[in-house]
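Chemist: Sequence:
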Amino acid sequence: MRFIPLDTPKPLSKIGLGTWQFGSREWGYGPDFEQRAAQIVRRAIELGVTVFDSAEVYGFGRSERILGAALGDDRPKVTIATKIFPVLPVAAVVQQRAVASAARLGVSTLDLYQVHQPNPVVADHTTMRGMRTLQDVGLVSEVGVSNYGLRRWQAAEAALGRRVLSNQVRYSMLDRAPEQDLLPYARQAGRVVIAYSPLAQGFLSGRYDAKNPPTGAIRRANPYFLPENLERGGVLIDTLRQVAEAHDATPSQIALAYLLRHPNVLAIPGASGVEQMERNAAAADIDLADDEYAALVDAAKRFRPVTGLAAMPRMLRARFAGPSGK
Numbered sequence: 001m002r003f004i005p006l007d008t009p010k011p012l013s014k015i016g017l018g019t020w021q022f023g024s025r026e027w028g029y030g031p032d033f034e035q036r037a038a039q040i041v042r043r044a045i046e047l048g049v050t051v052f053d054s055a056e057v058y059g060f061g062r063s064e065r066i067l068g069a070a071l072g073d074d075r076p077k078v079t080i081a082t083k084i085f086p087v088l089p090v091a092a093v094v095q096q097r098a099v100a101s102a103a104r105l106g107v108s109t110l111d112l113y114q115v116h117q118p119n120p121v122v123a124d125h126t127t128m129r130g131m132r133t134l135q136d137v138g139l140v141s142e143v144g145v146s147n148y149g150l151r152r153w154q155a156a157e158a159a160l161g162r163r164v165l166s167n168q169v170r171y172s173m174l175d176r177a178p179e180q181d182l183l184p185y186a187r188q189a190g191r192v193v194i195a196y197s198p199l200a201q202g203f204l205s206g207r208y209d210a211k212n213p214p215t216g217a218i219r220r221a222n223p224y225f226l227p228e229n230l231e232r233g234g235v236l237i238d239t240l241r242q243v244a245e246a247h248d249a250t251p252s253q254i255a256l257a258y259l260l261r262h263p264n265v266l267a268i269p270g271a272s273g274v275e276q277m278e279r280n281a282a283a284a285d286i287d288l289a290d291d292e293y294a295a296l297v298d299a300a301k302r303f304r305p306v307t308g309l310a311a312m313p314r315m316l317r318a319r320f321a322g323p324s325g326k
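In the working numbering, the protein residues as written are 1 to 326.
Since the hints were made in silico from the structure, they are not lab data.
Any given hint could turn out to be false.
[Said to hold, decoys possible] Ranges of calculated distance between the beta carbons of each label pair, as one might list FRET restraints:
#1 Gly161 - Ala246: 45 to 55 Å
#2 Lys301 - Gln39: 37 to 47 Å
#3 Gly190 - Gly48: 16 to 26 Å
#4 Gln276 - Glu228: 22 to 32 Å
#5 Asp287 - Val99: 36 to 46 Å
#6 Arg2 - Asp181: 18 to 28 Å
#7 Gly106 - Gln180: 31 to 41 Å
#8 Arg152 - Asn212: 35 to 45 Å
#9 Asp136 - Val235: 51 to 61 Å
#10 Glu179 - Pro5: 12 to 22 Å
#11 Asp74 - Arg2: 16 to 26 Å
All of these numbers come straight from a predicted model, not from anything done at the bench.
For every residue, glycine included, the Cβ atom is placed at its ideal position computed from N, Cα and C.
Build out the structure end to end from the sequences listed, making use of the hints.
Modeler: Written out as structure tokens, the structure is:
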């Protein structure tokens with residue numbers, strides 16, 4: 001395992017574990033999942049993973065409870081990150097929600113407490129006042145944000161009066177906007193970009209194509225999985241496979257290695273089983289050659305998916321046509 005080269009209270013592994021699926025029925029959560037989640041977490045710790053990310057909204061608190069129970073006595077050794085869903089993120093509410101999350105996780109200190117989304121009405125200065133109080137009393141160690149643009153990230157830091165360590169954003173070979181400003185800022189300022197959905201919900205795994213689209217509700221609601229986009233992504237997937245072959249790896253591992261090449265990026269893919277956790281962790285040790293990285297960059301740039309308003313009619317047709325598209 002490799003780590004972010006920053007001075008933090010606990011080392012931050014380049015690969016973490018995202019736990020959206022813990023307790024979330026849309027990801028297949030059921031009566032046997034808590035045992036499987038515990039096995040995933042135990043194996044992650046054995047592989048050197050030190051960052052575990054949750055949120056109060058994941059499974060309406062179930063994710064935090066499951067994660068805390070799975071970590072058990074290892075909770076003090078790892079970085080536990082969670083997020084407040086900012087419906088009304090005024091100082092008093094921020095403090096109240098942090099106490100509730102800590103109780104569900106079974107910890108006395110939240111290693112990283114993040115604002116899940118920027119609130120369009122409530123200014124960051126009131127949210128960060130609550131965060132500062134939480135730090136002062138020792139309930140929160142580091143503060144982070146999520147889905148923030150660079151300016152608002154910097155404004156949140158100014159409001160806190162201390163570093164806002166991280167910004168958790170959608171970042172993958174399909175969603176490369178963070179490379180324009182967030183990554184340069186993180187490297188220059190000694191901050192961290194946490195990449196969620198680093199495999200674009202499995203698009204970059206190579207498991208799906210126009211003739212074999214996903215059937216799950218979440219992926220079917222993602223325009224990347226439109227048959228037209230799956231077809232357009234063929235060149236990118238082929239490039240991932242070619243690079244993967246040279247490293248005796250999988251396309252998913254190469255897609256993760258692409259992100260981890262940036263020193264201040266920490267990726268938090270989910271895992272539905274122990275084997276997937278093992279593959280994700282192994283990606284941290286892959287060194288891409290310059291020509292391989294350049295080939296991946298070129299293939300990613302050439303992929304032009306149908307998204308936004310243009311995708312809506314196709315999404316509606318796909319939804320009413322059913323999984324087979326007929």
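Chemist: Which of the stated hints cannot be reconciled with the structure, identified by number in ascending sequence?
Modeler: Violated hints: none; all satisfied.
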